[in-house]
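**Student:** Chain by chain, the residues:
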Amino acid sequence: MRAIMVLFYASFIIFIGLALIVFVVALSLGLIQPQDINNLLLSIHDSFYAKVIIVLSGILLMVISSSFAQLILNRFQREKTIAFATSSGEVTVALSAVEDLIRKLAGIIPEIKELRPDVIATKKGIVVDLRVTLKSEANIPELTSRLQDITRSKIQEVLGVEEAIVVRIHIAKIAAIEEKDRKRKEGDKEQASIPFSGYGSA
Amino acid sequence: MNKEESYTDLGTVRIHKNVIVSVAAIAAAEIEGVKRIGQDFKSGMLALLGKKTNSAIRVDIDKNGEVRIEIPLVVKYGFSIPEIAAGAQDNVRNALEKMTNLSLREININIQGIEKGE
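Going down the list, the protein sequences come from chains C and F.
Going by my numbering, the first residue of the first sequence is number 1, and it counts up by one from there.
Going by my numbering, the first residue of the second sequence is number 1001, and it counts up by one from there.
Here chain C stands alone, though its shape is the one from the complex (with noise of 0.2 angstroms):
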């Protein structure tokens, strides 16, 4: 049924796509005269029924045109889930909110400026693919081991799966710390240099 719905607005939206050529080829072979759309626009101006037609039919194009935006985007949602049973029914986790719940994990890690996952549910398990941004003090070798054992076990944990999770790690951009943040460090060594600066504040 969702297959032939599918066809029925493909090949709506195909032969709209086609009429539209025509015309364009039409119109540009001069086979279409630049009066002829006049005409055709002045007659549907003074016909009360020509103006129904065209609301009716933008009406019907919108719908079709929604419907069909639904029903991909609908499908598309369906296949990028991690489904498990109980006794009561299915349970299906989105991908994208496994990819929330990692996108989350940026707070955790101070090093990590910005983290962009992307999970893939395979029949051999989850592959998760993490494209980082680092602030330059960071130690990649034990951050990313780090990054990778937090995350497998986060899933592991919130899931509660037991299938293989694979992370992969791309750094994408080291970022040079904000000049914000380094005049607090900064601020911080004077402070701490200064000897016996706690007497007489109280």
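Hints in this document: simulated from the structure, not taken from any laboratory.
Take these hints with a grain of salt, some might be off.
List time: in silico SDA-like cross-link candidates among lysine to any residue, alpha-carbon distance up to 25 angstroms [as the list claims (entries may be wrong)]:
#, chain 1, residue 1, chain 2, residue 2
1, C, 104, F, 1086
2, C, 51, C, 23
3, F, 1076, C, 127
4, F, 1076, C, 148
5, F, 1116, C, 161
6, F, 1042, C, 95
7, C, 80, F, 1041
8, C, 154, F, 1029
Residues of chain C placed beyond 12 angstroms of chain F at every Cβ, according to the derived structure [said to hold, decoys possible]:
#, residue
9, 25
10, 96
11, 111
12, 124
Yeah, the Cβ is synthetic: ideal placement off N, Cα and C, and Gly gets one too.
Take the given structure of chain C and dock chain F to it, following the hints.
**Tutor:** Chain F alone, transformed into the frame defined by chain C:
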């Protein structure tokens, strides 16, 4: 079929799908770790207009009167999804059985997203 019917000595009692949706939404939202009920295209558009609906919850009633519910949920960060899902399924089942006497075939949970808890 939009309504679940039951017969009494005095007449027929019809429970609309929207009632089942509302009970399921309230019962699911009661579980700790559930942030909110998820959205679909229609409820998302209505939310933009400031109207809150639970139309993303889908209820199917078959010819035998058995009900199948699909509930999209957004959960809070830091909670175990299997525990939340099982809790929501149990709570929805209990609430619907208590309030409507419906025969539930499946309660499917769809975790749409994870958001920061309050």
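**Student:** All the hints need checking, so say for each whether the structure fits it.
**Tutor:** Outcome of the hint check:
In summary, the hint linking residue 104(C) to residue 1086(F) is supported, as the alpha carbons are separated by about 24 angstroms, within the 25 angstroms threshold. Among the hinted pairs, residue 51(C) with residue 23(C) is consistent with the structure: their alpha-carbon atoms are about 21 angstroms apart, no more than 25 angstroms. Restraint check: the Cα-Cα separation between residue 1076(F) and residue 127(C) comes to about 23 angstroms, which is no more than 25 angstroms; the hinted pair holds. With a C-alpha separation of about 22 angstroms, the suggested pairing of residue 1076(F) with residue 148(C) holds against the 25 angstroms cut-off.
A hinted pair counts as satisfied when its Cα atoms are at most 25 angstroms apart, and residue 1116(F) with residue 161(C) qualifies at roughly 22 angstroms. The straight-line distance between the Cα atoms of residue 1042(F) and residue 95(C) is roughly 21 angstroms, inside the 25 angstroms bound, and the hint therefore holds. Distance restraint check for residue 80(C) and residue 1041(F): the Cα-Cα separation of roughly 17 angstroms lies within the 25 angstroms cut-off, and the hinted pair is therefore satisfied. Using a Cα cut-off of 25 angstroms, the hinted pair residue 154(C) and residue 1029(F) holds, with the two alpha carbons roughly 24 angstroms apart.
Under the 12 angstroms C-beta cut-off, the non-interface status given to residue 25(C) relative to chain F holds; the minimum distance is some 36 angstroms. A beta-carbon of chain F is positioned within 12 angstroms of the beta-carbon of residue 96(C); the least distance is around 6 angstroms. With a minimum CB-CB distance of about 20 angstroms to chain F, residue 111(C) clears the 12 angstroms threshold, and the non-interface call stands. Remark: the non-interface label on residue 124(C) is consistent with the geometry, its nearest Cβ contact in chain F lying 21 angstroms away (cut-off 12 angstroms).
When each numbered hint is compared with the structure, a violation occurs for hint 10 only.
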